[in-house]
Structure formats: C-alpha cells, structure tokens
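In case you want the letters, here they are:
Protein chains: 2
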Amino acid sequence: MVPIKVSLVKNILHANERISVQNKEFFDEKRILVINMMSAPGAGKTTLIEHTIKALDGEVNIGVIEGDIQSTYDAEKIAATGAQVVQINTGGACHLDGNMIRETFSQLDFDAMDLLIVENVGNLVCPAEFNVGEDFKVMLLSVPEGDDKPMKYPLMFHESSALLINKIDLLPYVTCSIDKIRADSLKINPNLKIFEISGKTEAGLDAWYAWLKQKIEDKK
Amino acid sequence: MVPIKVSLVKNILHANERISVQNKEFFDEKRILVINMMSAPGAGKTTLIEHTIKALDGEVNIGVIEGDIQSTYDAEKIAATGAQVVQINTGGACHLDGNMIRETFSQLDFDAMDLLIVENVGNLVCPAEFNVGEDFKVMLLSVPEGDDKPMKYPLMFHESSALLINKIDLLPYVTCSIDKIRADSLKINPNLKIFEISGKTEAGLDAWYAWLKQKIEDKK
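These protein sequence lines map, in sequence, to chains F and R.
Each residue of the first sequence is one higher than the one before, counting from 801 in the working numbering.
Each residue of the second sequence is one higher than the one before, counting from 801 in the working numbering.
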C-alpha cells in the first residue's frame, strides 16, 4: 500500500502542477491578476470579497470562482454584487485544483476582467498544497480561531503572500494576541504582508484595497 | 489517472476500515468509551477536553490522543491537567487514521482508562471520512464560524452523534442563528444530540458531562 500511495500522490501533484502552469499562462496572456484565497471555514472570505468588489467598483473588473463542497450560498452573495461568478461544488473534495478551475473557463468572460479571485474550500490544511494557476495565495485568519494557528498549520502561512487577520472587532471578547500571530507568521514566512481587518466594521480594508490595486497595476 | 485514483482511494479507506475495526475490538474488550472529536481549527476542542477532564476528575479516568499537523501545544495543555496524553504529529496529513491511533497503544495505560478522547486535526472536511476505532464522533461548531456550516460541510454533521455549538458567549457580537444551525443540522442528521456551550464561561457544560457519563456507563 504505502509505496503505491506515495507514488500516486506524487502523480496527482505533478498532473495538477502541469494544468496549473497552463492556467497561469492563460491568465498571464490576458493580464488578469489571479489570487487564490484560503482560510479555515467561516473566517470571512466571502464577506471580504463582497467588500472588495464594491470598493473597487468602476476601477477594477473582478470575477470570482467560488469553491465549496456543496451549496451555492457564496456564489449567490457574490452574484448580488453584479460581479461575474461561477460556483464549483467539489462534492466532497477538500480543496480546489487546476483542473476544476480550467472547467470554469467556458463560463467566464475573461476579456472583461482585471482580477480573478478564487475562493477556495474552507480548510486550513489541504488547499495550501495545490496551485490552481494563481499569481499568489492570500489567507485569512480570524481572531476567534486563536493565535496558535501559525505554529499549528505552518504550510498555509508559508505558501501565502498576504495574511489578512480578520474579525479584529472581536478582540475584546476573545483570547488572541495579534503580536503573537504576527511574530509566528513572520518566523515561518518573513516576506508575508500582513493586514489587520474587520469584515464587519470595514476597519483596515483601505490598506488591503491599495495593496491589491498595485498588484493589479503591476500585472498590466 | 482517474481510475487509478478512485481505486487507490478505495484501497486506503478499506485498509483504514480494517485497522479501525481492530482498534474498536481492542477498546471494546477494555470497555473504554472512545470518542473522535472533530471541528474546524480553533473551534475550542482542547479547551472543552480540559474542562471535561477537570469536571469528571475522581469519577472518570480520561486519556487523550492529540492530533496536530505540527507542534505539541495541545498535548502540553492536557498534560497539565494530569491526564494521560499522547501527541500525534501528522506531518502534513489533514486527518487522523486508524493506524496512527494504533501506534500510540504502547504509550498509553488503557487499564487505567474509562474514556479515550481522540482530538482530531482541526479540519471540517477530511476527518469525517475516516474512522479511527471510536464508538462515535462528536463535533464542535463555534458561532463565529457562522450558521451556514451545516449546509456547506454536511458530511461531518451527518457522521457525528453529538454537536457542541461552542462560544455562545460571542452571540451578541456575531451574525449567527443557533436556530438555523439546529434546523439545518437536524435536516442532515435527525438523531444528532445538540448542546449549546461556552468554553469560556462554561455555560451548558453540565448537560454535556451528564450525557457523556451516561455513555461511559453504558460501555461498562
């Protein structure tokens, strides 16, 4: 069993890497910035995307691919903003992969898009292992999850270019040190760009929008 | 690739099922109740286990197997209560399986144990697919994660015998309907036993302790 398993996992990763590189080439040609957004369930990815679409409306055309095991709730929320959106239901799979992204291509108008946000399945483990063709990965960590997460789930912090520490409005009511999250995250990934935000109060979002707009500009 | 993948996944699940049945037979012979505790990262599993050990001290001998990708923080917290504990570091794997549990057998004194709590890796997806030899699965959902989780991650709600809705002390500060969690969870699993608790204030924990003690009694 074990050698077969190891060999197969490698094969899957290699196949995914090949498709993801093709996706990346496609997006590069269209000069679309693609971000792969990851977090634990309920950390606030969809709310952040909704705010981002509204804040950049008129400046940046945003498309969204929603990944969920089941349901279309998140895609419905995004559709209500007027942005292009496709929902992927993985039917059990714990992460998105390059092939799932590729299968959405026929349903999106990439000529009318500057930024594609891929909202991955809520999972702090598996999505970090798979590229989908993105320029970079972004992760959210919400303060009720606690400040031990960088040291317990290091891969996602290592693979991400930006960390959004969300739900800072809850800091008075939970035991969580932002300083510890910052210090431990930067130990794992010294280049990580960190934002402190609240999806509820919209605190800290302006810095995120400015950073993102610069990245979109750089891709043009 | 696809047929190989399907066949292999089945093989892994079958192999795991075989080992887990052996584990279950071992625990049954010792009349130890075994629960497999699952949740998203940071939902409060370790704090619940700490409270449970302290509350049942003198009545029930509890052993704990801690599952984390990396780190020993959780095992250290449990060790401070005086309970037997073993830490499994999965080194990347997103769930515990029967074989990992089996490998801890030499490090635990099962003759001095009435209840074994297996704290799974924080992940609302993958752990629900694998038995480890437990009598039943228990899951936590913390209210900051939101009330859409049963419909988005149905398998874990389907596989669990009990759901602990945790962090109810945060209800005034987040958008989350306990009624919706209850209704949607029971649609997926009509037999689910639901507790509303707070690891912080210890609200609702007495009902959990009473239910758990009855289950331990039933196993004797």
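Since the hints were made in silico from the structure, they are not lab data.
Hints should not be assumed to be uniformly reliable.
Stated by the list, open to error - Here are the simulated DSS-like cross-link-like pairs (lysine-lysine), alpha carbons at most 27 Å apart as the crow flies: (1) K1000(F) x K877(R); (2) K980(F) x K980(R); (3) K952(F) x K1000(R); (4) K993(R) x K980(F); (5) K980(R) x K952(F); (6) K877(F) x K952(R); (7) K877(R) x K952(F); (8) K952(R) x K987(F); (9) K952(F) x K980(F); (10) K980(R) x K877(F); (11) K980(R) x K1000(F).
### Query
CA of K980(R) to CA of K952(F), is that 27 Å or under?
violated, 31 Å
### Task
For the pair we were handed, K952(R) and K987(F), check the Cα-Cα distance against 27 Å.
Since the Cα atoms of K952(R) and K987(F) sit roughly 33 Å apart, the hinted pair is violated (cutoff 27 Å).
### Query
Going straight from one Cα to the other, do K980(F) and K980(R) come out at no more than 27 Å?
Violated. K980(F) to K980(R) sits at ~34 Å, over the 27 Å cutoff.
### Query
CA of K980(R) to CA of K1000(F), is that 27 Å or under?
holds, 20 Å
### Message
Please verify whether K952(F) and K980(F) have alpha carbons no more than 27 Å apart.
### Response
Judged against 27 Å, a Cα distance of about 13 Å means the pair holds.
### Query
K993(R) and K980(F): Cα distance at most 27 Å?
The hint is violated at about 36 Å.
### Hint consistency between K952(F) and K1000(R) [alpha-carbon to alpha-carbon, up to 27 Å]
Cα-Cα ~21 Å, so holds.
### Message
Given the hinted pair K877(F) and K952(R), is their Cα-Cα distance within 27 Å?
### Response
holds, 14 Å
### Query
Given the hint that K1000(F) pairs with K877(R), does the C-alpha gap stay at or below 27 Å?
violated, 32 Å
### Restraint status (C-alpha distance of K877(R) to K952(F) at most 27 Å)
holds, 14 Å
### Query
Regarding the pair K980(R) and K877(F), is the alpha-carbon distance no greater than 27 Å?
Holds - the C-alpha atoms of K877(F) and K980(R) are around 18 Å apart, at most 27 Å.
Hints 1, 2, 4, 5 and 8 from the earlier list are contradicted by this structure; the remaining hints agree with it.
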